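A.B. asks: So the chains spell out like this:
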Amino acid sequence: MSGEIILQAVVSGLLMGLIYALVAVGLSLIFGLMEIVNFAHGEFLMLAMFASFWLWALGGLDPLMSLPLVAAMLAGAGLLVHWGIIRHVLDAPMLAQVCATFGLAVALRAGAQFLWTPDFRVVADPLVAGRVQLGPIFIGQPQLVAGFVCLAAFVALWLFVTRTETGLALQATSQDRQAAAVMGIPTDRMSALGWAIGLGCVAVAGSMLSTFFYIFPDVGTNFALLAFVAVALGGFGSILGSLVAGVLIGLIESLGGLLISPSYKTLIVFALYLAVVLVRPKGLFGRF
Amino acid sequence: MADDPTLKLEAARAQPLWPRPPAWAVALGLAAGGFLIAYPAIFPSPFSLHLMIMIFLYALMAQSWNVMAGLSGQISLGHAMFFGIGAYAASVLFAKYGVSPWIGLLVGMAISALAAAAVGLPTLRLKGHYFAIATLLIGSGVQIVFSRWEWVGAASGLYIPIERTSPWLSFQFHGAKTPYYFLALGAAALGYLLVWHLRRTRFGFRLQAVRDEPEAAASLGVAVSGHKVLAFMLSGAMMSAAGTFYAQYVLVLDPERLFSLDISILVLLMTVLGGSGTLWGPALGAAILVPLSEYSRIWFGGTGRTVDLIVYGILIVLICMFRPRGLLSLIEDRLRRREGERA
Amino acid sequence: MTSLLEVQGVTKRFGGLTANSEITFDANAGEIVGIIGPNGAGKSTLFDLITGFERADAGEVRLDGRRITGVRPDRICALGVGRTFQKLKPFADMTVAENVMVGALARTHRMREARDRALEALAFVDLLERRDRFARELSTGQRKRLELARALATGPRLILMDEVTGGVDQRTIPGLIELVLSLKARGLAVVLIEHNMAVMMRIADRILALHAGRRIAFGPPAEVRQDALVVDAYLGSADHAA
Numbered sequence: 003m004s005g006e007i008i009l010q011a012v013v014s015g016l017l018m019g020l021i022y023a024l025v026a027v028g029l030s031l032i033f034g035l036m037e038i039v040n041f042a043h044g045e046f047l048m049l050a051m052f053a054s055f056w057l058w059a060l061g062g063l064d065p066l067m068s069l070p071l072v073a074a075m076l077a078g079a080g081l082l083v084h085w086g087i088i089r090h091v092l093d094a095p096m097l098a099q100v101c102a103t104f105g106l107a108v109a110l111r112a113g114a115q116f117l118w119t120p121d122f123r124v125v126a127d128p129l130v131a132g133r134v135q136l137g138p139i140f141i142g143q144p145q146l147v148a149g150f151v152c153l154a155a156f157v158a159l160w161l162f163v164t165r166t167e168t169g170l171a172l173q174a175t176s177q178d179r180q181a182a183a184v185m186g187i188p189t190d191r192m193s194a195l196g197w198a199i200g201l202g203c204v205a206v207a208g209s210m211l212s213t214f215f216y217i218f219p220d221v222g223t224n225f226a227l228l229a230f231v232a233v234a235l236g237g238f239g240s241i242l243g244s245l246v247a248g249v250l251i252g253l254i255e256s257l258g259g260l261l262i263s264p265s266y267k268t269l270i271v272f273a274l275y276l277a278v279v280l281v282r283p284k285g286l287f288g289r290f
Numbered sequence: 024m025a026d027d028p029t030l031k032l033e034a035a036r037a038q039p040l041w042p043r044p045p046a047w048a049v050a051l052g053l054a055a056g057g058f059l060i061a062y063p064a065i066f067p068s069p070f071s072l073h074l075m076i077m078i079f080l081y082a083l084m085a086q087s088w089n090v091m092a093g094l095s096g097q098i099s100l101g102h103a104m105f106f107g108i109g110a111y112a113a114s115v116l117f118a119k120y121g122v123s124p125w126i127g128l129l130v131g132m133a134i135s136a137l138a139a140a141a142v143g144l145p146t147l148r149l150k151g152h153y154f155a156i157a158t159l160l161i162g163s164g165v166q167i168v169f170s171r172w173e174w175v176g177a178a179s180g181l182y183i184p185i186e187r188t189s190p191w192l193s194f195q196f197h198g199a200k201t202p203y204y205f206l207a208l209g210a211a212a213l214g215y216l217l218v219w220h221l222r223r224t225r226f227g228f229r230l231q232a233v234r235d236e237p238e239a240a241a242s243l244g245v246a247v248s249g250h251k252v253l254a255f256m257l258s259g260a261m262m263s264a265a266g267t268f269y270a271q272y273v274l275v276l277d278p279e280r281l282f283s284l285d286i287s288i289l290v291l292l293m294t295v296l297g298g299s300g301t302l303w304g305p306a307l308g309a310a311i312l313v314p315l316s317e318y319s320r321i322w323f324g325g326t327g328r329t330v331d332l333i334v335y336g337i338l339i340v341l342i343c344m345f346r347p348r349g350l351l352s353l354i355e356d357r358l359r360r361r362e363g364e365r366a
Numbered sequence: 054m055t056s057l058l059e060v061q062g063v064t065k066r067f068g069g070l071t072a073n074s075e076i077t078f079d080a081n082a083g084e085i086v087g088i089i090g091p092n093g094a095g096k097s098t099l100f101d102l103i104t105g106f107e108r109a110d111a112g113e114v115r116l117d118g119r120r121i122t123g124v125r126p127d128r129i130c131a132l133g134v135g136r137t138f139q140k141l142k143p144f145a146d147m148t149v150a151e152n153v154m155v156g157a158l159a160r161t162h163r164m165r166e167a168r169d170r171a172l173e174a175l176a177f178v179d180l181l182e183r184r185d186r187f188a189r190e191l192s193t194g195q196r197k198r199l200e201l202a203r204a205l206a207t208g209p210r211l212i213l214m215d216e217v218t219g220g221v222d223q224r225t226i227p228g229l230i231e232l233v234l235s236l237k238a239r240g241l242a243v244v245l246i247e248h249n250m251a252v253m254m255r256i257a258d259r260i261l262a263l264h265a266g267r268r269i270a271f272g273p274p275a276e277v278r279q280d281a282l283v284v285d286a287y288l289g290s291a292d293h294a295a
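Protein chains in written order, with the working numbering: chain A, 3 to 290; chain B, 24 to 366; chain C, 54 to 295.
In short, the hints are calculated from the structure, not lab data.
Quantities reported herein were computed from a predicted structural model and do not represent experimental measurements.
Just so you know, even glycine gets a beta-carbon here, dropped at the ideal spot from N, CA and C.
Check each hint, because a few of them may be wrong.
To be verified - Dumping the calculated EDC-like pairs for lysine to aspartate or glutamate here, alpha-carbon to alpha-carbon at most 20 Å:
hint	chain 1	residue 1	chain 2	residue 2
1	A	Lys267	A	Asp220
2	A	Lys267	B	Glu186
3	C	Lys140	A	Asp220
4	C	Lys237	C	Asp222
5	C	Lys237	C	Asp117
6	B	Lys31	C	Asp185
7	A	Lys284	C	Asp185
To be verified - Label pairs and their in silico Cβ distance ranges:
hint	chain 1	residue 1	chain 2	residue 2	range
8	A	Gln135	B	Ala178	53 to 61 Å
9	C	Ile226	B	Pro28	42 to 50 Å
10	A	Ala181	C	Arg255	28 to 36 Å
11	B	Ile185	A	Ala74	57 to 65 Å
12	B	Val168	C	Arg165	17 to 25 Å
13	B	Ser179	A	Ala277	41 to 49 Å
14	B	Trp322	A	Asp190	37 to 45 Å
15	A	Gly78	C	Gly62	50 to 58 Å
16	C	Gly62	B	Leu129	50 to 58 Å
17	B	Pro44	C	Pro91	49 to 57 Å
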């Protein structure tokens, strides 16, 4: 096996990993704020991809152009989910919390199938297309752009959380909800904000993904599963952890597919989850 | 001298350990039992038998999920894996080695219990979401393995060879649905009897304690994660038995269907709808949802599946928000409290 | 002679915060040891260290001279240590009797025997008449007594009680005090966390005063009351001494 092929796998894994990371960070953020795992996360990714698709198919907007719109739509959906559903199960037993987001996932996925059929769709003429050659390897331009946009979104999120007052309040709530409430931080609004940002991140990832990936109702499932692994590996609630873990998983998946077997690359990542749980349940950067 | 504390204690001790079911409940139970036994004679059409067979099967599957969620408080999102393991274990043994599915049933249950232990041991000592995610991942992973595994037919699955010499030994009745009806009824009855008994044992009590307050349970001498793992093993074995039965009923193994997330969703929904943690909740859920999906399949044809799932998903969300203890919780509260409330 | 419970130099850190710093004390059978200290002094953490819910970073806990540091909570229960929680943890979906039976089942495998032990414990805390109610239907004071009954049903030699009178109806306090005193009379070692200083001074044989995770005094109530550090840290600043 030549060095070029491995290098190629590393680069494409890295770029895909940035998308995983952005999906995972939303999940991690929401979990950190209220200890609720959003099992519908993948379905929101799917919705973002369909939103990008329809804005392109019906409105002629390239996903790159419609990105802010899709992000706003999903952020709105996040607020809606928080106010409409999550708030009502915050104090409920875990069974109700898990089933609520899981049920939402089932309904959204089936709804998408009903409305848009299980067919695979693609954005046929994206603004950015083709491949560039970098030394010995080829990189798809959409993937490259997607990677950069995701990285930029990550940097923006990081700056927001560490440099703004609201962001710091968000972090405080995530670290200790009670203490934050005592300090006068409106924790309920922080949770809502967490959902908005979390789904906004998913929207960016989905928009970018829609420029080079098939769009179909089940598309979110696999991404969500990988995001679960990323969140566990990075540490539930850790933003930086999501980035590192997402990229790591992209690399493991890509290299695993190359070196072991493409049909089992997902399994390798799933096995990683068990390994994390066994060896270091709090993840790389986790709090517990 | 009703106020004498010692006398009160004596009186309390003299009461039966378990409250006797009220007469109306006994009468209702006997009537329902009689009806179920007479059902094939009253409604002999294949569809009406099929409907009941699926209700029994799902009632058993939902109960197995309930052992985990309702008794130990842990949520499995990948229960279909045990269903598939049960189906494959018995069928592969029969198709490749001619072993009776009855033995395959036990082998499947043992494999499922071991698989449950393997998943549960690392994850069940942590907070609940680690387990829920693990079951989701592994459930999906097991499906990938079976769809790629050539020896068991990979994605095209397996057909169980037709065997006509000894139907009871080979578990095949070809066209005749009545034997399947009684087998399914028997399997479900056995499962419910087991769980009914379990809830009155030391193990069952301690599981419920773990479900409600794990730390308090630990302070009272309960080995918390060990109990959860045992419950998961039992739950997996029960689900596996239903899978074996289903495979013998349809005689085709399709990894896409047997390991499908839909099955994991359905058993969850049925239990939550009926009332998780209650004995009859899962059966109630199955009795409501199985006919719903069978009829919607007839009415809506191919698209019926997604319409079902939309409704199911919304139902799950609504139940969690407004009646997290399920439909049956209201009645069961009254049943468990002895009539004539004491102060 | 060794005491039933010996805590020697235990230290527990959570991140940068030291919740317990080299705390040493002991408790004998038939003795009531009270723990006082303002919120955040490390009282509940100390309970968690003794009962195995947290693992000490340094120091050790001995029961009857046997080291129990790092032993799992359920094993510690089996060794004869019962506890209640500051944040009450009733098994909400089980009846009162069933709650206590879970405790009794630590000592027996027979359901009937467990039931009878549970009824005795319930009679002891005066909850017998509520036995068929669901635990979630009880008032705070009743829940406290339920937790006590549950812990007692495990047949402990040492019982740790967190905030006996906190948050309960004033009128029920004398009854709760009676309960604690009768535990002592039965020969149990009782360690309790209590904010009501009047109660504490009256019933405790020795008092352990904590402040910011450190032991500032340990001895008979009269002595502790005189201790300048305690007066400074606790009695003086917060006016609990009423």
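A.B. asks: For every hint, state whether the structure bears it out.
C.D. replies: Comparing the hints with the structure gives:
Between the alpha carbons of Lys267 (chain A) and Asp220 (chain A) the distance comes to roughly 18 Å, so the proposed pair stays at or under 20 Å and holds. Straight-line distance between C-alpha atoms of Lys267 (chain A) and Glu186 (chain B) comes to about 40 Å, which puts the hinted pair past the 20 Å bound. This hinted pair does not check out: Lys140 (chain C) and Asp220 (chain A) have alpha carbons roughly 43 Å apart, beyond 20 Å. Under the criterion of a C-alpha separation no larger than 20 Å, the hint pairing Lys237 (chain C) with Asp222 (chain C) is inconsistent with the structure, at around 23 Å.
As the CA atoms of Lys237 (chain C) and Asp117 (chain C) are separated by approximately 18 Å, the hinted pair is consistent with the 20 Å bound. For the hint linking Lys31 (chain B) to Asp185 (chain C), the alpha-carbon distance of about 14 Å falls within 20 Å, and the restraint holds. The straight-line distance between the Cα atoms of Lys284 (chain A) and Asp185 (chain C) is roughly 41 Å, outside the 20 Å bound, and the hint therefore fails. Gln135 (chain A) and Ala178 (chain B) have their C-beta atoms about 37 Å apart, which leaves the hinted 53 to 61 Å range violated.
For Ile226 (chain C) and Pro28 (chain B), the hinted distance range of 42 to 50 Å is not satisfied, since their beta carbons lie about 21 Å from each other. Taking 28 to 36 Å as the suggested C-beta distance range, the pair Ala181 (chain A) and Arg255 (chain C) conforms, at roughly 35 Å. Against the hinted window of 57 to 65 Å, the Cβ-Cβ separation of Ile185 (chain B) and Ala74 (chain A) comes to about 60 Å, which satisfies the hint. Checked against the given bound of 17 to 25 Å, the beta carbons of Val168 (chain B) and Arg165 (chain C), roughly 48 Å apart, lie outside it.
Here the CB-CB span from Ser179 (chain B) to Ala277 (chain A) is close to 32 Å, at odds with the stated 41 to 49 Å. One distance hint, 37 to 45 Å for the beta-carbon pair Trp322 (chain B) and Asp190 (chain A), holds here, with the actual separation near 43 Å. For Gly78 (chain A) paired with Gly62 (chain C), a C-beta distance near 57 Å keeps the hint of 50 to 58 Å intact. With their beta carbons about 55 Å apart, Gly62 (chain C) and Leu129 (chain B) fall inside the hinted range of 50 to 58 Å.
At roughly 53 Å, the beta-carbon separation of Pro44 (chain B) and Pro91 (chain C) lies within the given 49 to 57 Å, and the hint holds.
Comparing the model with each earlier hint shows violations of hints 2, 3, 4, 7, 8, 9, 12, 13; every other hint is respected.
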